[in-house]
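Taken in order, the sequence shown gives residues 1 to 500; the numbers are from UniProt numbering.
Among the clues, some could well be false.
What the hints assert, rightly or not - Straight line, CA to CA, 25 angstroms or less: simulated SDA-like cross-link-like pairs of lysine to any residue:
| id | residue 1 | residue 2 |
| --- | --- | --- |
| 1 | K349 | E387 |
| 2 | K108 | Q181 |
| 3 | K159 | C312 |
Quick caveat, the hints were computed from the structure, so don't treat them as lab data.
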Amino acid sequence: MKRQEPHITSLPTSKKKAHTMSEKAAAENEDLFRNVGENVQEIDQNQQSGDLARATGAADAEGHPVQEIESLCMNCHDNGVTRMLLTRIPYFREVVLMSFECPHCGFKNSEIQTASEIMEKGCKYMLKVEGKSDFNRQVVKSETATCKFQELDIEIPPKRGQLTTVEGLLSEMVEGLSSDQPVRKSIDENLYNQIETFLAKVRSCLDCEPGTLPVTFTLDDPAGNSWIEYTPGEQAHKWSQTQYVRSGEQNVQVGIISQDQLEQHRQEERAKVADKERNPSQAKKSTFLSDETDIENFTNEVQTFSASCPSCYRPCDTHMKPVNIPHFKEVIIMSTVCHECGYKSNEVKTGGAIPEKGRKITLLCDDPEDLSRDILKSETCSLTIPELSLDIQQGTLGGRFTTLEGLLQQVYTELKNRVFTQTSDSMDEATRKRWEEFFSKLQEGLDGKVKFTVTMEDPLAGSYIQNVYAPDPDPNMTIEDYERTQEQNEELGLNDMIVE
Numbered sequence: 001m002k003r004q005e006p007h008i009t010s011l012p013t014s015k016k017k018a019h020t021m022s023e024k025a026a027a028e029n030e031d032l033f034r035n036v037g038e039n040v041q042e043i044d045q046n047q048q049s050g051d052l053a054r055a056t057g058a059a060d061a062e063g064h065p066v067q068e069i070e071s072l073c074m075n076c077h078d079n080g081v082t083r084m085l086l087t088r089i090p091y092f093r094e095v096v097l098m099s100f101e102c103p104h105c106g107f108k109n110s111e112i113q114t115a116s117e118i119m120e121k122g123c124k125y126m127l128k129v130e131g132k133s134d135f136n137r138q139v140v141k142s143e144t145a146t147c148k149f150q151e152l153d154i155e156i157p158p159k160r161g162q163l164t165t166v167e168g169l170l171s172e173m174v175e176g177l178s179s180d181q182p183v184r185k186s187i188d189e190n191l192y193n194q195i196e197t198f199l200a201k202v203r204s205c206l207d208c209e210p211g212t213l214p215v216t217f218t219l220d221d222p223a224g225n226s227w228i229e230y231t232p233g234e235q236a237h238k239w240s241q242t243q244y245v246r247s248g249e250q251n252v253q254v255g256i257i258s259q260d261q262l263e264q265h266r267q268e269e270r271a272k273v274a275d276k277e278r279n280p281s282q283a284k285k286s287t288f289l290s291d292e293t294d295i296e297n298f299t300n301e302v303q304t305f306s307a308s309c310p311s312c313y314r315p316c317d318t319h320m321k322p323v324n325i326p327h328f329k330e331v332i333i334m335s336t337v338c339h340e341c342g343y344k345s346n347e348v349k350t351g352g353a354i355p356e357k358g359r360k361i362t363l364l365c366d367d368p369e370d371l372s373r374d375i376l377k378s379e380t381c382s383l384t385i386p387e388l389s390l391d392i393q394q395g396t397l398g399g400r401f402t403t404l405e406g407l408l409q410q411v412y413t414e415l416k417n418r419v420f421t422q423t424s425d426s427m428d429e430a431t432r433k434r435w436e437e438f439f440s441k442l443q444e445g446l447d448g449k450v451k452f453t454v455t456m457e458d459p460l461a462g463s464y465i466q467n468v469y470a471p472d473p474d475p476n477m478t479i480e481d482y483e484r485t486q487e488q489n490e491e492l493g494l495n496d497m498i499v500e
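Taking the hints into account, I'd like the entire structure generated from these sequences.
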């Protein structure tokens with residue numbers, strides 16, 4: 001890379017000048033991080049013209065995209081060469097590819113590092129491997145990501161970053177286990193035989209032998225900088241991406257905070273809770289009043305807003321439409337779909353004023369047709385089904401407007417994938433049996449084979465279950481309004497809300 005001389009200037013005195021500097025920085029970034037295809041084409045042209053630089057430092061002088069740095073070999077402690085390529089992966093983001101080679105001992109190593117910041121949320125990708133073409137999909141695995149192959153009971157823990165394929169991940173794992181097999185055979189022949197059986201199973205899967213596919217591949221990265229190649233137009237059951245809020249331990253893992261800071265934060269939270277218990281504040285009952293805004297055809301048309309995809313940063317559209325739920329209230333449905341990388345998200349927001357009381361809805365489902373009832377679950381709603389041992393806390397799944405069957409199916413799919421992909425290796429037989437019984441009971445509820453009671457409790461009264469007898473009362477459903485506690489008002493920010 002050509003080094004630029006420092007430029008000294010006075011502070012910008014106008015927005016126009018600041019905007020010009022921002023555009024210049026963006027243009028320089030575009031030159032540094034070009035697409036993989038553009039870099040490959042330039043390297044090929046240099047090879048054909050005989051101008052490919054090999055000496056350390058010459059690459060920078062000649063403007064070659066691959067930068068070469070002389071560095072120490074950790075194997076023989078002699079000097080080798082590290083090569084770096086700043087590039088951009090289509091539908092993903094900027095990365096730095098690095099490879100090391102020692103001409104003295106032959107040691108080689110390669111690594112990938114993300115050139116962007118840690119994302120606001122973690123990301124989790126799922127790919128259903130159903131054929132040889134799926135094994136050839138590109139995978140960006142950062143140093144904080146965990147890879148899991150559910151049906152093969154394989155977990156690859158976080159280590160160095162890699163730019164590889166699905167097949168490459170499995171092949172590297174097989175090669176690493178196979179290299180130590182002769183030593184294992186002489187020490188523990190029983191362990192040797194078990195690993196040989198396991199390796200044979202993985203090899204047959206790589207060869208796509210009958211009965212070995214499909215395999216569910218999951219890539220979980222709390223830093224949000226990993227990726228699985230996406231084919232435009234792919235179905236959600238084949239490829240999916242979800243984002244989640246990192247836990248305190250995950251923030252420590254990615255290096256955002258230290259372990260001491262996490263412990264200090266927890267102590268402060270415990271102190272706040274104890275202080276609230278000693279000095280409960282007087283709740284201030286307030287009503288949120290919004291200004292009326294007239295937008296032509298607002299209630300009849302889908303409103304579209306231009307935005308940026310949170311995954312690949314390409315332009316995408318967010319659609320929004322108000323929907324009036326009969327015998328309830330008006331809600332706003334929002335949907336974002338990126339046709340470049342496949343990112344999808346949807347959310348439901350309730351409109352209107354904040355009610356003075358919370359609401360509890362109880363529904364007895366004694367008929368399979370009850371599963372087709374519309375249901376609106378807001379972000380502040382908790383849902384319990386004692387007969388199915390199901391308890392969904394506030395914030396889980398976000399806001400959803402679907403059917404009761406759709407909500408239970410989403411819980412079944414996401415929870416099963418999380419349990420049997422993230423904890424399958426460390427799960428004992430008794431725990432696995434309890435989880436299998438839970439999912440079996442939940443499946444019976446989805447099939448309408450058992451009766452169960454759904455209880456939804458929402459302190460903002462923004463949730464709803466369809467009354468099929470409306471406007472008459474539903475004999476199987478009860479609705480109760482209750483006074484919110486001081487703790488609930490505090491969590492919702494109502495105690496400090498001032499509208500005067």
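Evaluation of the provided hints:
1. K349 / E387: violated, 29 angstroms
2. K108 / Q181: holds, 22 angstroms
3. K159 / C312: holds, 24 angstroms
Violated hint for the displayed structure: number 1, the only one.
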